[in-house]
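All chains, full assembly: derive it from the sequences and hints.
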Amino acid sequence: MAADAEAIIAGLGGADNIIEVEPCITRLRTEVHDASKVDQAALKAAGAHGVMAAGNVVQVVVGPEADTIASDIEDIIG
Amino acid sequence: MTTVLAPIAGAAIGLAAVPDPVFSQAMVGPGTAIDPLREPVEAVAPIDGTIVKLHPHAYVVVGDDGRGVLVHLGIDTVQLKGEGFRLLAAEGDRVGAGQPVVAWDPAAVEAGGRSPVCPVVALDAVAGSVGEVAEGRVSAGDPLFEWS
Chain A
1 MAADAEAIIA GLGGADNIIE VEPCITRLRT EVHDASKVDQ AALKAAGAHG VMAAGNVVQV
61 VVGPEADTIA SDIEDIIG
Chain B
1 MTTVLAPIAG AAIGLAAVPD PVFSQAMVGP GTAIDPLREP VEAVAPIDGT IVKLHPHAYV
61 VVGDDGRGVL VHLGIDTVQL KGEGFRLLAA EGDRVGAGQP VVAWDPAAVE AGGRSPVCPV
121 VALDAVAGSV GEVAEGRVSA GDPLFEWS
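Heads up: the sequence lines are chains A and B, in that order. At position 56 of the first sequence (counting the first as 1) the number is 56 in the UniProt record's numbering, and the numbers step up by one without a gap. At position 72 of the second sequence (counting the first as 1) the number is 72 in the UniProt record's numbering, and the numbers step up by one without a gap.
If you are wondering where the hints come from, they were derived from the structure by calculation, not from laboratory data. From the three backbone atoms N, C-alpha and C, an ideal C-beta is built for every residue, glycine too. Hints may be right or wrong, so weigh each one.
To be verified - Where chain A lies over chain B, by a calculated footprint (3+ residues, C-beta under 8 Å):
hint: 1; segment: 24–38
hint: 2; segment: 49–57
hint: 3; segment: 67–74
As the list claims (entries may be wrong) - In silico DSBU-like pairs for lysine-lysine, Cα to Cα no more than 35 Å straight-line:
hint: 4; chain 1: A; residue 1: LYS44; chain 2: B; residue 2: LYS53
hint: 5; chain 1: A; residue 1: LYS37; chain 2: B; residue 2: LYS81
hint: 6; chain 1: B; residue 1: LYS53; chain 2: B; residue 2: LYS81
hint: 7; chain 1: B; residue 1: LYS53; chain 2: A; residue 2: LYS37
hint: 8; chain 1: B; residue 1: LYS81; chain 2: A; residue 2: LYS44
Below you can see the structure in the form of structure tokens.
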């Protein structure tokens with residue numbers, strides 16, 4: 001199941017909370033303004049296999065469709 | 001049953017030994033990892049199929065049955081932005097198991113402060129479907145594990 005871009009944006013605290021989304025082959029490396037707004041359970045419900053947070057860097061493990069999902073997210077948040 | 005071949009020569013050490021939780025916790029699937037020989041080398045396709053994702057530091061080959069195998073060359077190597085990696089195939093190419101895909105140098109990755117360990121993952125495989133996992137010394141093209 002491909003993870004859902006809209007739901008991942010919501011799980012990251014919304015478009016305004018996202019500074020950057022960079023795809024790796026297995027994950028999205030994201031930087032957020034406020035890590036407390038990140039909802040790990042929501043990200044997993046959105047299709048993430050796992051979430052790793054360190055400070056304001058949140059890695060969302062989505063599998064090899066990461067680059068497609070990252071471009072979907074960028075299209076949405078502009 | 002898919003026989004997944006070692007994409008590179010080295011020591012098969014298991015996913016749990018990989019210094020990255022995405023792989024050590026098998027978040028994208030089961031498999032194993034190879035601690036490569038420290039010499040310039042061509043990483044090869046682990047199965048027959050189509051290269052559906054090709055980054056300098058990682059690639060995914062999907063077989064005709066839809067099963068995908070991920071080969072990741074070193075840990076955190078996305079940060080190298082392709083430096084030190086040379087593509088020998090293109091995304092969308094059909095490849096045979098054992099065909100070269102990316103040339104790189106594990107020693108250079110290690111010298112840059114990163115682990116050159118290479119996870120080889122049966123993407124989204126159910127737990128228990130991967131067996132006969134090789135341990136210890138393997139050559140490129142040797143059977144690495146069976147995906148039932």
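Tested hints:
no., hint, in the structure
1, 24–38, "holds (count 3)"
2, 49–57, "holds (count 4)"
3, 67–74, "holds (count 3)"
4, LYS44/A / LYS53/B, "holds (23 Å)"
5, LYS37/A / LYS81/B, "holds (30 Å)"
6, LYS53/B / LYS81/B, "holds (15 Å)"
7, LYS53/B / LYS37/A, "holds (32 Å)"
8, LYS81/B / LYS44/A, "holds (28 Å)"
Figure legend: structure checked against the earlier numbered hints; every hint is met.
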